Amino acid sequence: MTSRERALGWLAGLGLTAGLVMAFGVAPREATQGNVQRIMYLHVPAILVAYLAFGVVLVASVIYLWGRAAGADRLAHASAEVGVVFTGINIATGAIWGKPTWGTWWTWDARLTSVSIMFVIYLGYLLLRAMIEDRERAARFAAVLGIIAALDIPLVHFSVLWWRTLHQPPTLLGPGPTPMDPAFVLALMVNLVAFVLLYGYFTAKRVRLLRQEEEVFA
Amino acid sequence: MPDNWSFVLAAYGLAALVLGGYWRRLLRLERELVALERRRGAARDEPRPTPTSPGPPIPRR
Amino acid sequence: MTYARRTWIVLWKDLLSERRSKETLNALFFFALLLLFLFQFALGADRERLTAALPGLLWLGFILSGLVGLGRAFLAERENDCWEGLLLVPGDKSAIYLGKVAGNLILMLLVEAILLVLFAVFFDVDLGAHPIRLIVVIGLGTLGFAAVGTLFAAMTAHVRAREVLFPVLLLPVQVPVLLGAVKATEAVLLGEPLGAVGHWLGLLAAADTIYLTVGVLTFDAVLEA
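Residue numbers (this note's numbering), protein chains in the order written: chain A, 1 to 218; chain B, 1 to 61; chain C, 1 to 225.
Hint data in this document are derived by calculation from the structure and do not stem from the laboratory. Treat the numbers as computed from the prediction; the structure is a model and nothing was measured.
Residues from chain A shown here face chain C by an in silico Cβ test under 10 Å; the list is partial: (1) Leu-65; (2) Ser-114; (3) Ser-116; (4) Ile-117; (5) Gly-124.
Ideal Cβ positions, reconstructed from N, Cα and C, are used throughout, including at glycine.
Given these sequences and hints, build the entire structure.
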């Protein structure tokens, strides 16, 4: 384990602890939803980190197609994997949040649907990589898919604004001022930073493991 | 609205399980790779054993 | 040889071989007929439900036939050992991509026209009220499908589990196109002007542009040996 990886790991742990303290100790009880709203401190940072992860996949994919640097390919692969994990957490926590607040575990409204679509798209990305034996070809094809997938996400995202939807309008990324109390925003931000650090740790570790894998099986 | 702490617990528990599980998977992969590397390295470095040593003792009835 | 000419040659070759063998077209025609029977058994009795579901059913039919057709997009090259021939084409390989997209687009539009006629006849629905608007919407949707479908077909051509991987990769990516196309078709069939769904058409146009651009820029990388 490199020292940078170790540092990231410790920082992530620290951040997660701080996040928990903020979520349960500092952030006030929400007026309409009650304490179930605290799930949001998991749910929203998870999807934002997923977007970050898939953005990294996009950039790494373009860099790989440009110069065929193996490092870029490994970064894309690792980032996609971690992104899928966080997307899964977002969907699952969203469902758990939805049951007491909307009365249903699942609804095919556009936002839930579009995040599930994104989940499946990147699962497909990982599947494509797994099914192509030639490492170089897998890298090339995954890069093309990574670019298409990432450019597709805003197209999928906009469908939420144009469809009848049960989900709230996006609190941080939607149009207009965010309808949230600063007390909540602070807790959200701390948890977001924690999740970004965790993403960094996981991705750095995964990239290193991918490189080691290549060396061992070379 | 009632507080639904069980849902909050379920959500945080699930997230902990998933993130922890992924972390464990990474650690396990690391251990396996290190072991493989060590074995490969050892196999490369050691000279092959000579076939002059006596075999295992023949069991006596 | 100019870029346009190379594109045209690929298109012409595919159209010619299709016109001679009619393999894909025949298969897709029967597939479309089968789909119609399926929809009838699943939904046919209730006319109201059918009319409400019509735009979705139409596009379901288009997509399913499209999957079958696109899955065969590089079949000729694969089966007849012509893949290397593609690789040896001089210059920018994206001309091959555009030629293939054009060919697949024409094939899909043909099958969709047949499906539309079959729908109109067997389900007794009036589809001809605003033909131009319908053509625009169907054209935009099908172009998006063909653009990504051709790219993914080339990528999965040599994968062992291609029949499974191809739809698994293509369908989720196509959701914005499917959404936009169904919504816009719904509006057209209700007699609304295209301006009413301008945002959906904009989305479709944006999607088509993005897909074609990425396809043109990356097809070289896909075709490498």
